[in-house]
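Turn these sequences into a full structure, and let the hints guide you.
So the protein sequences, as listed, match chains A and B. Each number in the working numbering comes from the position in the first sequence (counting from 1) with 190 added on. Each number in the working numbering comes from the position in the second sequence (counting from 1) with 190 added on.
Read the hints as simulated data drawn from the structure, not as lab findings. Nothing false has been slipped in among the hints.
Just so you know, same-sequence chains aren't split out, so a pair can sit in one copy or run between any two.
Derived DSSO-like pairs: lysine-lysine, alpha-carbon spacing no greater than 27 Å straight-line: (1) 354 to 267; (2) 375 to 416; (3) 243 to 226; (4) 308 to 402; (5) 281 to 416; (6) 382 to 267; (7) 366 to 267; (8) 382 to 366; (9) 416 to 243; (10) 378 to 416; (11) 399 to 278; (12) 416 to 384; (13) 278 to 220; (14) 243 to 330; (15) 267 to 238; (16) 416 to 238; (17) 330 to 278; (18) 330 to 366; (19) 330 to 281; (20) 366 to 238; (21) 378 to 366; (22) 267 to 375; (23) 375 to 402; (24) 229 to 366; (25) 416 to 229; (26) 212 to 226.
The residues making up each chain are set out below.
Protein chains: 2
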Amino acid sequence: MHRFFISPDCINNTNNTAIIDKEQSKHIDKVLRIKKGEKILCFDGLGKEYIVKLIDKTNGCFIGEIINAEISNNDPKLDLRLIQGIAKGEKMDTIIQKAVEIGVSSFYPVITDYTVVKLDESKAQNRIQRWQSIAIEACKQSRRSVVPPINRVIKLYDLLHDIKSENIIMLYENEKTISLNDILKNNKNKYKEKPLYILIGPEGGFSEKETKMALEQGAVLAGLGKRILRTETAAIVALGATMYEFGELD
Amino acid sequence: MHRFFISPDCINNTNNTAIIDKEQSKHIDKVLRIKKGEKILCFDGLGKEYIVKLIDKTNGCFIGEIINAEISNNDPKLDLRLIQGIAKGEKMDTIIQKAVEIGVSSFYPVITDYTVVKLDESKAQNRIQRWQSIAIEACKQSRRSVVPPINRVIKLYDLLHDIKSENIIMLYENEKTISLNDILKNNKNKYKEKPLYILIGPEGGFSEKETKMALEQGAVLAGLGKRILRTETAAIVALGATMYEFGELD
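Dropping the structure here:
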């Protein structure tokens, strides 16, 4: 069954109906050729999944009757968050799409010392909207029901200062002794209880000042082995391996 | 130090010299502006790494003196191979690039029942050349010294028949009971000794006939959890998790 996103404010719990937005209604109508009377699967982005029967169409929007509502269990229990140094070109799109499929719970795009991409306030706003749409699409496709928020673009220094967490794993290519494997196995119980942050640098990696500050804030450095992974590969592999370690791919 | 690929037949072990091909020589000269007398890092694709001092240039090709040769240890011990149902557009390029970074030892692009891409003999030849170049580039960047061969395009049925291996893990989205985690943990010693094949379907997944035949040939089916991963995400995550499990990311 096809899967659509319905924002929670388009769900009327009193009369059990839901409004599907114009763009998706158009897709339902013109591309998928689904007709009134047929059922679709919807999710609200907050963890609920609905079976909705299309009953009407007004102003280009389908109105649906909610046949069934239930808490979806496709989202992971582990609260895994990705802090990603903004990478060039379409790499960020790829990282967000894959990170959502793998199961991250939120996403922090950060400006680091070696970030090349220049984003002013308005460009950053547009980019976040774009990334949020990609996250919604990835939820649709991967059957997740919780849409991970994309946080505003800030400097890594400020973010580290703001979150004050000890559960930050900074993937660092010069870390040759301690691996992600070591860290996850040694801290499993600790990481289960609170949000776990994976921090990945942009193409140029991290500056010495950044690793120093991260360490001061309680982060741990971890390597990913002998081969040098591109930033997007490192993000996908580190998130995938973490989910694997925590049984979230079982 | 920049890293270049030298085909083994361009290495002269008698007089300790190496010829760098025209394209890379041009890159060395015009883009990187490396001059005669400077040193570069080279690898032969078969596992050896060389420090080469540029001593001359003839017909657009740099000639280098081999200062040092050693067996590189950046390639994994695990002989992990990817059998990938040919996916649409640029996805195959992405999969090959990432698979090489992660450490696969060879790559089998296969036509499955749900493969959409049509490749005649000459198109398939071109595609393999293109994929092989991507593999070489990924080796350069990730510091691997063994270039994984891209095998010729054949049907999955024929490949399964040819390789006759019991070490095939078929990632199958309808497998809800047995996970990749279960299979890797239960077969660790067996998988260390012989080549291990990871089999990933194209966008549409596998047909019933394909899973049946794979099972008959000794393959095992494994799931990757509750979220549906795109074919390229499934490939990267499955390879990454396998390398993680075998300590190849340590």
